[in-house]
Amino acid sequence: MARSAGAAAVVNAAIIDRPVRIAGQWRQSWARLRRHPPALVALALLGLIVLLALLVPLVSPYDYATPDWDELYQPPGYAHWLGTDGLGRDLLVRVMWGCRISLLVGIAASLVSVLIGVLWGATAGYAGGITDSAMMRIVDILYTVPFIPLVIVLTVLFGRSFLLVFVAIGAVSWLDIARIVRGQTLSLKQREFIDAARALGLSNTTMIVRHIVPNLLGIVIIYATLTVPTVILFEAFLSFLGLGVHAPLASLGTLISDGAKHMKSHPYLLTIPAVFLTLIVCSFSYLGDGLRDALDPRQRR
Amino acid sequence: MSAALLAIRGLRVSYRGSLGVLHAVDGVDVDLEPGEFLGVVGESGSGKSQLLLAILGLNAPGARIAGSIRYRGEELVGAGERALGRLRGARIAMIFQDPMTALNPYLTIGTQLTETMRHHQGASRAAARRRALELLAAVHIPEPERRFAQHPHELSGGMRQRVVIAMALSCDVDILLADEPTTALDVTVQAQILALLRELRTQTRAAIVLVTHDLGVIAEVADRVLVMYAGRVVEQARVQQLFDSARHPYTEALRRSIVPLTGPLPARLPTIGGQPPNPAALPPGCAFAPRCAYAFDTCATAPPPLTQAGPDHLRACYHTGPLGRIR
Chain A
1 MARSAGAAAV VNAAIIDRPV RIAGQWRQSW ARLRRHPPAL VALALLGLIV LLALLVPLVS
61 PYDYATPDWD ELYQPPGYAH WLGTDGLGRD LLVRVMWGCR ISLLVGIAAS LVSVLIGVLW
121 GATAGYAGGI TDSAMMRIVD ILYTVPFIPL VIVLTVLFGR SFLLVFVAIG AVSWLDIARI
181 VRGQTLSLKQ REFIDAARAL GLSNTTMIVR HIVPNLLGIV IIYATLTVPT VILFEAFLSF
241 LGLGVHAPLA SLGTLISDGA KHMKSHPYLL TIPAVFLTLI VCSFSYLGDG LRDALDPRQR
301 R
Chain B
302 MSAALLAIRG LRVSYRGSLG VLHAVDGVDV DLEPGEFLGV VGESGSGKSQ LLLAILGLNA
362 PGARIAGSIR YRGEELVGAG ERALGRLRGA RIAMIFQDPM TALNPYLTIG TQLTETMRHH
422 QGASRAAARR RALELLAAVH IPEPERRFAQ HPHELSGGMR QRVVIAMALS CDVDILLADE
482 PTTALDVTVQ AQILALLREL RTQTRAAIVL VTHDLGVIAE VADRVLVMYA GRVVEQARVQ
542 QLFDSARHPY TEALRRSIVP LTGPLPARLP TIGGQPPNPA ALPPGCAFAP RCAYAFDTCA
602 TAPPPLTQAG PDHLRACYHT GPLGRIR
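One line per chain: the protein sequences are A and B, in this order.
Residue numbers for the first sequence, in our numbering: 1 to 301.
Residue numbers for the second sequence, in our numbering: 302 to 628.
Fair warning: there could be bad hints in the mix.
Chain B stretches covered by chain A per the calculated footprint, using a threshold of three residues with CB under 8 Å from any CB of chain A [stated by the list, open to error]:
(1) 357 to 363
(2) 383 to 390
(3) 395 to 408
(4) 416 to 423
Counterexamples of contact, computed for chain B against chain A with all Cβ distances above 12 Å [to be verified]:
(5) Ala-305
(6) Ser-345
(7) Gln-542
(8) Ile-573
(9) Asn-579
(10) Arg-592
Calculated directly from the structure, the hints in this document are not laboratory data.
The model shown is predicted, which means the values in this text are computed figures rather than measured ones.
For each residue, glycine too, the CB sits at the ideal point set by N, CA and C.
Given only the sequences and the hints, what does the whole structure look like? Please build it.
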C-alpha cells in the first residue's frame, strides 16, 4: 500500500502546483449564506436590533421604570424620540428593554426545546420498537397536559421567576419537534449510509449524534426559527395573564397589549412595539430560510 | 477445516411474513480461507446478500438466524451488539452496493474516513488524517488533500465507491464483504473498481467475499465461486473449473446466457425459462427442477445434497450424466 501511496503522491504533486485551499465547513456555509440576500438583510437587521437593545438603555438618560408626571403621553419628538407612555416613561427605552426580554425568552426557550426535542425524537426513532413506543406515548401524555394550569402550578411550586417562563415554554414546545424529528429519523434509518455506518461498527450514540442529527439540521433549523416567534408571542400571552414579565419591566408583548388600549388616542404606543415585533419575527423567518440552504452541503455555490 | 478464517455451517436466515415463513438463506455451509477471493453469484432473491449481512448481524429486524458462523473460532450467530460492534469495521468490513447512498451527505469525506479509525483504534486526529490521506491515495483518488475536505456530492460515483472501499480498509480488516460493489456504476468504472479490488487484495492480506449477479465480474476476480439458488448453494468450485466444466444445470444455463466473445453470435441468446421460485413456497424437491432441462422424477422428492463432483468441486444435483448442449 505504501508503494502505491508514494506513487499517487508524486502524481498529486504534479497536479497541484498551488497550495490547496481547504475551506472549512463553516466557511463554506458562510459563503453560501452570503449569496442569499434576504437572509443577509435579516441577519443585519437582527444584529442591529440586538445592538440597539443592548446599548440604548445604557446610553439613554431615561429609565424604563421611573414615571415622569410632567411628560405623560408625549408624542414622538426631540426630548423623547419615540414619545412617552401614560406614566411619562420613555418609549424608546421601554421598547428596547422589551426587545431584550422577548429575544432572550424567544431564543433561550427555543434552544431548550430544540435540544430536548431533537435528542428525544432521534433517540426514539433510532431505537425503534418498545423504546420508541414508550417515548412517544410519554410525548402523547404531555400533549394532554393543559398549558395554563401547568404554568400556574409551576408558579405556585417555584415562585414567580423569569426562569420559569423558559421552563414552562420549553416544556411544551419540544413535543412538536420530537414528533417531527422522530418521523424524519425513521425515514433516515432506511437510508443505506446508516447501514454502512453500522457495518463500520460505530456505537449507537455516535450514530445518532454524528449521522442522524446532522441530516436533521435543515428541518430543525426551519422549525427552530418558526419556534422563536411563537415563543415570543407565547411569552406575551403569559405576561398578559400576569404569569410572565412583571411591570414595570416590559416585553414587546406587554407593550403591545398596553398600546392596544390607547390605539385611538395615541396610536404610536401600539405601532412602535408592533413594528419591532414584526421585524424580529420576519427576520427570524428569512434567516431560517437562508440558514437551511447554507447549512446543506449538497447545495451548489 | 479448522484453519478457516470464517466457517459457516448450516446457516439459515428466515423471515416471518404474511405469506408464512420465508427462507432467504436455507442451509449454507462455506469456509473462507485467509486471503481468499470468494465470489458468490445468484439472481435476485437467491439469498446472497442475506448471507453477507448475516455475517455481520445486519439483517433487517425480524430476521431469524440459525446455524453457526465462526470467525477465528468465535461464534457470531447470536453474539451481542457489543461483540459484533467490535468486529464490524475493525476485523470485518462491508462495501455496499450503491456508493451514492452509502456515504452520509452531510459529513466530509475526511470525517467519514477517520471516524472508523478513531472509534476502533483510538487513533489521534492527526494520525487518522495521515492514514486517511494514504488510503485515498491507495485507492487512486487524485488530490487526496482536496477530496478529504469535500462532501460526497462533489465526487463522481466511481470516486465515491473508492472512498467507500478506503473506509472499509481503514482498520486493516481480515475480511472484506462486498455486496454488488459495481452494480450501480457504469461499465468502464466497474472495470476500474474491479481492478482496484484485485490490486488491494495483493497488497492487503484481507479475504474478500464478492457478491454479484454478474458472472463476468466473478470470472475476472474470484478464486473460488459459490453459486446460489433459492437460498441454497447449488455449486461450489474454483473459478476455472466452474467455467470449464460446470456440474450443475443452473450454472451451466447461466454460463450459456453470457454473450460469447469469440465465434458466431447466436441468433437468440439462451435464457433460463420460467421464474425463480417463491421463497415462501419452495417446491419440496430441488428448487431449480421446474426450470431444469435435465429434471427427472427424483428431483421432485427432496432437495439434492451437496456432493463431491471433483477435487474442490461440490454440486447439488441428482443428474449424473454430462451437461451437453441438449437444446
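*Would you list, in rising numerical order, the hints stated earlier that this structure does not obey?*
none
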